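Same order as they appear, the protein sequences are chains B and P. The numbers in numbering that gives the first Met the number 0 rise by one with no breaks, and the one at position 307 of the first sequence is 306. The numbers in numbering that gives the first Met the number 0 rise by one with no breaks, and the one at position 41 of the second sequence is 40.
Simulated from the structure, these hints should not be mistaken for lab results. It is possible that part of the hints are untrue.
[Claimed, not checked] Okay, derived cross-link-like pairs now, SDA-like style, lysine to any residue, Cα gap no bigger than 25 Å in a straight line:
(1) P:95 with B:585
(2) P:95 with B:589
(3) P:95 with B:568
(4) P:95 with B:588
(5) B:573 with P:94
(6) P:95 with B:575
(7) B:165 with B:151
(8) B:573 with P:92
(9) B:573 with P:96
(10) P:95 with B:185
(11) B:573 with B:563
(12) P:95 with B:580
(13) P:95 with B:579
(14) P:95 with B:569
(15) P:95 with B:32
(16) B:303 with B:112
(17) B:441 with B:360
(18) P:95 with B:574
(19) B:573 with P:93
(20) P:95 with B:582
(21) B:369 with B:267
[To be verified] Just a few of them, taken from the derived set where beta-carbon distance is under 7 Å, the chain B residues facing chain P:
(22) 580
(23) 581
(24) 582
(25) 588
(26) 590
[What the hints assert, rightly or not] Here are the simulated distance ranges between beta carbons:
(27) P:3 with B:590: 19 to 27 Å
(28) P:77 with B:591: 23 to 31 Å
(29) P:11 with B:562: 25 to 33 Å
On a predicted model such as this, the values are computed, not experimentally measured, just so you know. We treat Cβ as the ideally placed atom computed from N, Cα and C, and that holds for glycine.
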Amino acid sequence: MSLPIELALVALFTPAAMAVILALVPPLRRTGRPAAWLSVLAASISLGASVWLFADQLGHPSRDLLESVRWLPHAGAAMANVGLRIDGISAGMTLVVTLVAFCVQVFSLDYMRSEPAADLGRYFTYHSFFIFSMLLLVLAPNLLQLFFGWELVGLTSYLLIGFYFKKPSAAKAAVKAFWVTKLADTGLLLALVVLYTHTGGFEWTSHPGAEVATIITLLLFVAVMGKSAQFPLHVWLPDAMEGPTPVSALLHAATMVAAGVYLIVRTNPLFAQAEFTREVMVWIGSFTAVFAAVIACVQTDIKKVLAYSTCSQLGYMVAALGAGSVMGGYFHLTTHAFFKALLFLAAGSVIHAVHSNEMSDMGGLWKRMKLTTIVFVIGSVSLAGIPGLAGFFSKDLILEGMLESGHTVPWLMLLGAAFLTAFYMGRVLFTAFFGELSEKAKHAHEGGWEMQLPLVLLAIPALGAGYFASRFAGMWHLEYELHLNLEAGAASGLAILGFAVAYVMYGRGAPVATPAILRPIAKLAASGVLDRFYEGLYRVLGLKLAGAVGFFDRYVVDGLMNLSGYLALTAGQKLRRLQSGNVRDYVFVVAFAIFALSAFGILR
Amino acid sequence: MPLAAWVILAAALFSIGLYGVTSRRGAIGILLSVELMANAVNLLFISFGRYRGDHLGQVFTLFAVALTVAEVVIGLALVILLHRVRRSDVRVDEVKELHG
Numbered sequence: 000m001s002l003p004i005e006l007a008l009v010a011l012f013t014p015a016a017m018a019v020i021l022a023l024v025p026p027l028r029r030t031g032r033p034a035a036w037l038s039v040l041a042a043s044i045s046l047g048a049s050v051w052l053f054a055d056q057l058g059h060p061s062r063d064l065l066e067s068v069r070w071l072p073h074a075g076a077a078m079a080n081v082g083l084r085i086d087g088i089s090a091g092m093t094l095v096v097t098l099v100a101f102c103v104q105v106f107s108l109d110y111m112r113s114e115p116a117a118d119l120g121r122y123f124t125y126h127s128f129f130i131f132s133m134l135l136l137v138l139a140p141n142l143l144q145l146f147f148g149w150e151l152v153g154l155t156s157y158l159l160i161g162f163y164f165k166k167p168s169a170a171k172a173a174v175k176a177f178w179v180t181k182l183a184d185t186g187l188l189l190a191l192v193v194l195y196t197h198t199g200g201f202e203w204t205s206h207p208g209a210e211v212a213t214i215i216t217l218l219l220f221v222a223v224m225g226k227s228a229q230f231p232l233h234v235w236l237p238d239a240m241e242g243p244t245p246v247s248a249l250l251h252a253a254t255m256v257a258a259g260v261y262l263i264v265r266t267n268p269l270f271a272q273a274e275f276t277r278e279v280m281v282w283i284g285s286f287t288a289v290f291a292a293v294i295a296c297v298q299t300d301i302k303k304v305l306a307y308s309t310c311s312q313l314g315y316m317v318a319a320l321g322a323g324s325v326m327g328g329y330f331h332l333t334t335h336a337f338f339k340a341l342l343f344l345a346a347g348s349v350i351h352a353v354h355s356n357e358m359s360d361m362g363g364l365w366k367r368m369k370l371t372t373i374v375f376v377i378g379s380v381s382l383a384g385i386p387g388l389a390g391f392f393s394k395d396l397i398l399e400g401m402l403e404s405g406h407t408v409p410w411l412m413l414l415g416a417a418f419l420t421a422f423y424m425g426r427v428l429f430t431a432f433f434g435e436l437s438e439k440a441k442h443a444h445e446g447g448w449e450m451q452l453p454l455v456l457l458a459i460p461a462l463g464a465g466y467f468a469s470r471f472a473g474m475w476h477l478e479y480e481l482h483l484n485l486e487a488g489a490a491s492g493l494a495i496l497g498f499a500v501a502y503v504m505y506g507r508g509a510p511v512a513t514p515a516i517l518r519p520i521a522k523l524a525a526s527g528v529l530d531r532f533y534e535g536l537y538r539v540l541g542l543k544l545a546g547a548v549g550f551f552d553r554y555v556v557d558g559l560m561n562l563s564g565y566l567a568l569t570a571g572q573k574l575r576r577l578q579s580g581n582v583r584d585y586v587f588v589v590a591f592a593i594f595a596l597s598a599f600g601i602l603r
Numbered sequence: 000m001p002l003a004a005w006v007i008l009a010a011a012l013f014s015i016g017l018y019g020v021t022s023r024r025g026a027i028g029i030l031l032s033v034e035l036m037a038n039a040v041n042l043l044f045i046s047f048g049r050y051r052g053d054h055l056g057q058v059f060t061l062f063a064v065a066l067t068v069a070e071v072v073i074g075l076a077l078v079i080l081l082h083r084v085r086r087s088d089v090r091v092d093e094v095k096e097l098h099g
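Can you make the complete structure from the sequences, with help from the hints?
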């Protein structure tokens, strides 16, 4: 085993071991803070191994390692292997996952301080398990192992959204997220079946032919739409904000929701064969980017704004991958992970200070929370794509890719989304952090060092990750050049314009009123029309189908069983009368039978 | 004596036995009648064996005698058990607890 494999094993199994220990030793878990520190220790070991792994990979950019053992034996050959695949993609993603996970865990030490000890231990057990599941997905050498990681992160997502399971809304949100993503995951499962039937394996490098590749990738994309919250399967993500804020930062902004995008990046050899699927991706991605950005403009809950923003940015990535700009999609995934996690943690810091999610309860926080404000500004500006920050480079790459592949209308949609992004982030900034100090914000103060350190740690890549774009591209033998042309200028101009509009509307301490133009949209968003559509669909299709299947089971399957039982019983009731218990009756029957048979034999 | 005479004798014995089995009430009497029927069959075996001119009929009879002994043993054991339980003469008409 070579060094990178060993490092990856350490990164993968340290959190797994910690999760198992914490899960199996309840007295340790219920101690709360010691358990939390153990979990952070495991995360830091995992992070250390990932940093080393990534640095090693940077030294050998074109290296592609595969270490696997036979998992499911099948007629001599292996049906499927389990193992590790280490190349530029997985090494980069491993670093992102462990870095954000480490920051979030440290942040949680302070954020979750007031939780009961037993709950705190449970929280960190889930977190350790999440790192393992996510890395299992990231390092998977084939689609089958990826599927297992995929389902496990779905499970941890369910557990963490429902962390406050005594709150009915949180429990409902957890179940909703689980159902919606499971529905979508059926696509991944079916894709696996189709892939195996046609190629006899679970490799994404196979060439099953254009039509089959289209079917497989469409099925995969259904799963991606669920996991990465693409319209119309995005409905679970805003509700998932019921979970603790650090969870939203880790799972529902930076890593787990990006797993869908990661899946496309990984299986790109298949997607490259499917023209039609990529066209679908471009349109759905662009539409989601605009649609979610519009809804983000009318939210009053700071976490909901960020959630819809995540939807929107994931739309960017999906559209970029559809347009064939793998580098753009994956690079945006990476930078987005940093600045969105940063934004969520900063929002968590604010929520911790003012004890409210509503932006109207915040205001003027700059006067009380300098560090949080600074990092929130960095995150917002990076997200909006102001030149010089990480988000600018990746977003520019996406827009360039869209234009190069000839998708003009989606390109315009994404430009519009860029403007809206800057607008809603400006709206959050000006209402929550500047202007008059609100009542609830009067006693706000920064959290402990555990909350401040991750903010600083994440602010660094949110600022500077863009400058590594060429190193990043080098891992796929790609050239990266920044084209400072009109298109790039248009995007950043629109972003600045967005902030300017937000300043004009909210900059002078105006209350968080919904702009008149957006009021119908706010009404639409509040009405939950899509939720009701799904509910109706569930009632019409789900319940009717269940009713029909239930009818069949009750009256046809059970009916046959009951009929055979009834026949046997009735026949027995009739036949028992022959058994009189009188010996002479039997003898007469025997004698008569003998005579009858003899007569038959003679007369025949 | 011709073969027909032996067959008629055997048939007569068998019929007497059958009559006994159907008409007797006591278990012992029934057993005796069954024995009579069995021996009628044995007689037939030997007669036909003689008629064929080999020893096959006698061999069969030896087996049949042994089997009949086993049957009688079980029958008598039942009679003794029934007698112990009921403490009276064993009347087969009264033993019908197992009827359907």
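Going through the hints against the structure:
| no. | hint | in the structure |
| --- | --- | --- |
| 1 | P:95 with B:585 | 12 Å, holds |
| 2 | P:95 with B:589 | 18 Å, holds |
| 3 | P:95 with B:568 | 23 Å, holds |
| 4 | P:95 with B:588 | 17 Å, holds |
| 5 | B:573 with P:94 | 22 Å, holds |
| 6 | P:95 with B:575 | 13 Å, holds |
| 7 | B:165 with B:151 | 23 Å, holds |
| 8 | B:573 with P:92 | 23 Å, holds |
| 9 | B:573 with P:96 | 19 Å, holds |
| 10 | P:95 with B:185 | 65 Å, violated |
| 11 | B:573 with B:563 | 16 Å, holds |
| 12 | P:95 with B:580 | 4 Å, holds |
| 13 | P:95 with B:579 | 7 Å, holds |
| 14 | P:95 with B:569 | 23 Å, holds |
| 15 | P:95 with B:32 | 79 Å, violated |
| 16 | B:303 with B:112 | 24 Å, holds |
| 17 | B:441 with B:360 | 10 Å, holds |
| 18 | P:95 with B:574 | 17 Å, holds |
| 19 | B:573 with P:93 | 24 Å, holds |
| 20 | P:95 with B:582 | 8 Å, holds |
| 21 | B:369 with B:267 | 43 Å, violated |
| 22 | 580 | 3 Å, holds |
| 23 | 581 | 6 Å, holds |
| 24 | 582 | 4 Å, holds |
| 25 | 588 | 11 Å, violated |
| 26 | 590 | 6 Å, holds |
| 27 | P:3 with B:590: 19 to 27 Å | 24 Å, holds |
| 28 | P:77 with B:591: 23 to 31 Å | 24 Å, holds |
| 29 | P:11 with B:562: 25 to 33 Å | 54 Å, violated |
Hint compliance for this structure: hints 10, 15, 21, 25 and 29 are not met, and every other hint is.
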